[in-house]
Amino acid sequence: MKKIALALAAVAGIAATGAQAQQNYPNRPITMIVPFAAGGPTDVVARIVTDHMSRTLGQQIVIENVAGAGGTTGITRAAQSQPDGYTIMMGHMGTHGAAPALYPNLKYDPTKDFAPIGMAAGTPILIVAKKDLPASDLKGFIEYVKTNADKVNQAHAGVGSVSHTTGVLFDSIVGTKPTMVAYRGTGPALNDLMAGTVDFMTDQIVNVAPQIQGGNIKAYAIATPERSPALPNVPTTKEAGLGDYQVSAWNAVFAPKGTPNDVVAKLNDALVKALADENTKKRLLDLGGVIPSAEEQSPEGLQKLVDSEVARWTPVLQAAGAKAE
Amino acid sequence: MGDFASNLSLGFGVALSLQNLGLAFLGCLVGSLIGVLPGVGPIATIAMLLPITFGLDPIGALIMLAGIYYGAQYGGSTTAILVNIPGEATSVVTALDGHQMARQGRAGIALGIAAIGSFFAGTVATLVIAALGAPLTGLALIFGPTEYFSLMTMGLVFAVVLARGSILKAIAMILVGVLLSTVGTDLETGEERMTFGLPFLVDGIDFAVLAMGVFGIAEILRNLDHTETRDVVRQAIGRLLPNRDDFRHSYKPVLRGTFIGAALGILPGNGAVLGPFAAYTLEKKLAKDPRRFGQGAIEGVAGPESANNAGAQTSFIPLLTLGIPPNAVMALMVGAMTIHGIVPGPQVMTRNPDLFWGMIASMWIGNLMLLVINLPLVGMWVRLLKVPYRLMFPAILMFCCIGIYSINSLPTDVMFIAFFGLVGYMLIKFGFEPAPMLLGFVLGKLMEENLRRALILSRGDMMTFIEHPISAVLLAIAAILLIVALLPSIRKGRDEVFTE
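Here the protein sequences come in this chain order: P and Y. 325 is the number that the working numbering gives the last residue of the first sequence; the numbers go up by one with no jumps. 500 is the number that the working numbering gives the last residue of the second sequence; the numbers go up by one with no jumps.
For reference, chain Y alone in the conformation it holds in the complex:
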């Protein structure tokens, strides 16, 4: 414990220097401002802003990059709530209830609770990293392909439970998502699958392209169908900050979301994507009246947003202690660190303790900055909704195009968001939910790869999934969840939701 305190004080000593405080603030601010552009998620933001950190010393640069990351992450939630465009996989669920809240004139509250929930989750996650970072690395190592496949299976069952309305339609959408994820070069053999010989499909479909299309562009098309609902949003801005009643509804989801997100964030192979989905499902199951979900329930924003931020933070654990990036954003952070002459790995903690602990302390400071920057900005973001829609939608469209182009510099990506926009619009018209499809897309790829990897390692023996204890437990949970979801009484409840 004495170690813990002295380490943290070393860290805060580094992070609280005037220069580093300034850099954390600047990083969060710039990250928030760029990240709030629709379709520009953390990866694009960090890649764009990477060069501005070149002139700094390594610690300052990393503190600023971490700030940019949190800022962009929060910016992604802002667009999810305001314009229904999730910046990345983890803010898909935020869009479900967050955007409904915005349509009801509660955008400020949704943004406020997202910021407050994120701050709380960030604080807890920082302490988790500081206290348990080193011992927890073991967790990343016991999750091999077998365990990971089972975890993803459980995730897909979550997706079924998560879906609103017809369970049949939900399963259909999940399967379409899984199918879309198989487009592209096969990882094991290098063969092209379902690319129709088109060169731009060789690397598969980009998540950002799919999400921006079926959520963002489709939303714009739908809004242009009937402009009058949009006017209601404009006129009734309502309160900007959550009141006591909102807090009463949110504090438990925030606690639960933090726990789930922090735990899943440590896992390798982007376990953090499951956090918000799991938190949302849990809240919906625990709610007295699950029907409010999807209609603007504040729990549906508070839980997933906390999980999102806790996961964003704890996914630094494998990076800082093992030197292994668990997802694409962290891989970019590795690059950023190596450019500054620090190769992440187990030796960083002992060789550069000031950098290691300084960065951990700056995580908390970054979260505080985020709150300081964003609470006053909530009013400004919400006022954006007042801009007449005929002016707003061309701007959103333009930013979507710029955002998507900036990721890979491929014109075909821009064409693709238009295509998926039309697909998404048709899905909405026919009453299909795009969210399960996106989850199927994200999990499908991971699931297939880990399934094949596990079977290659076991030389084709299916029993491997039951012989590994963690895998067996996860599969059992999935089976139980599925049975519960399919029980007649609950299905009746579902049908009610659908007819309502």
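So here's chain P without its partners, still in its complex pose:
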């Protein structure tokens, strides 16, 4: 059905002059490809933001979950779709930052093959550990990890996951190499962290906040410039003495390269309006998310972010010898 729709759209695109076709954009539902399974953090952000965007655009944005290969399956498909504004995608730190280092055969270039729309939400990363780890603050923790390097176990949710890439970054900044233990997803990793089977991990606030509030694990620092209202007692990495560790699992809306500028502008306008809406904002903040700045919400700001993220992740991940293919 979608193929037929795409074919029709292609024919329509040839028949009508570009400008005419775009003037009444959007005149049918828009598909947003979310490259992860329904229910994950990226899917949740996508559903919250598109809920409001649909109202501004006057057309429903339909979420299509195309999961696989750390999100690159869905993004590859979205990158190759018609650049008419009717297929957009929700990219994130992994698919548009870490992926080139992790997947040598990646079929897209995050810095060149997209028309950025704007950032939707930032999700802060926290350094968390089992609750009976002796260190009481981040300095003590780093000391502990370094002196017990042969004993310490670091958990992550699989090669290429947010907890893996941000964990590798942490290790490279601190200058340590603990034993990495891989889990399939954050759930089982947290389970073993709570049980004390593994010692620490780095992960998104939405995953770990309830366990920190419940006293099942402890948090040493949050890797953002400011403290999170959800966890006011957790110091920032800067306060705790590791200011270099600044990292966020951001989510951002992209369209395929070649999408007309006025379509990009319409989509960006809808995104900016959604992020200004009190209810949408509240839902994102409740998750522990950070609302992007005005600059980050713009296409130019997003392009800059992607460029800097690719430049940042590639050496770190290559040095760690991490690859997913």
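Quick caveat, the hints were computed from the structure, so don't treat them as lab data. Please note that the accuracy of each hint is not assured.
Part of the chain P face toward chain Y, derived, beta carbon under 10 Å [stated by the list, open to error]: (1) R77; (2) G243; (3) D286.
Since the structure is predicted, the reported quantities are computational estimates derived from the model, not experimental observations. For glycine and all other residues, C-beta sits at the position ideal for the given N, C-alpha and C.
Please arrange chain Y on chain P, whose structure you already have, making use of the hints.
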């Protein structure tokens, strides 16, 4: 105890409001209707129906989602019995005897006992969650990689015991299943294994694809071989509801299945998949005449179905009390809860007691709804078998394709069910059982990952499996089971089954 009663009454106060009752009913109904499409399991159903809960308040939405989950779960059993296509891992065993019952014209009874067994198991599991939910979370935490590996080893031994016919063929099929589970990206290193450079194999083989192929498509091919047996099924629909004799045979398996399923459901890492297999094995061992199993024994439906539902329910315990999803369906529920602004975790019980207890109460109501909806529907489902097969098989094929495509939106998945269908057809022709292969596939992945995790944590020391007491006990049980299964006298019994 006073707490228990007041908590439950708070819960029922919430769940019995007219709106929430309606939502539970609607959820179960829609879940049953979508879930009954072959190949559409609970994950696909919940993902598809998630958006319709967006307009509701959080409690109502969760009650409806839970209803959809139970409905889809039961729908999966319905397709397992009627068309031999298990919707997910836990209904694989239901297909073994359930579909044989359907072929003998006892489809209504199989569906009836499945619904009744599930209701009983659901009731017990609800009480278990309400009374023991909080203390039981400790259980999830003492099961680390070491214990889990040993549990899976025991599960594989179950699979050997479970198999019909030649033990050699059974072991071969289990190993093929384990081998298939290793296809894809290696979890620890990120290296590709056995993918032949094909991009669609990078994430491994999807369980739904494998199950739909070797069970569903293969079954269709086999039916097209000889249409006459199919006609017998059509003509002899028989009674729709179980009679006293059926109940006499089933009540003990239901009790045992409930216990096994509830216990395994609490474990992290999808322990619930073992429930139905364990229940089936147990029933077969306890039966006076184990040969009836695989030929349409009602115990083989009653036990596993109860275990299935009890496990489906108790797997909410780690989610509700720890905020940790034990399997993919529960992970989806976490997403659904966060979309509604509730981040599951230990604080939910104290911060949103009305939501927590309301949801628990609605579990029982959901199970009741399931019974109310499905008992009248049994007649309708069974009548589906009356549809001439030449009309039915294209429809099943089409629904399989739609169902599998809806999970990941990948055309290669559709090609794959055709491939595994051919493989499954050949296996049937050569007398190999697909069920042990599927169990090997499900357990193989968990086993390998937990083995490596345990060894990484112990820095390569194999003794870790014996030093952990729970792990040691599980391995001992596995060893004993294996010895018993291989004893000459029992092997003789096996050979008889095979020649018969």
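Now for the hints, and whether the structure bears them out:
1. R77: With Cβ-Cβ at 8 Å, under 10 Å, it holds.
2. G243: Where the cut-off is 10 Å and the nearest Cβ of chain Y is about 28 Å from G243(P), the hint is violated.
3. D286: Holds: closest Cβ of chain Y sits about 5 Å from D286(P), inside 10 Å.
Of the numbered hints given earlier, the model fails hint 2 alone.
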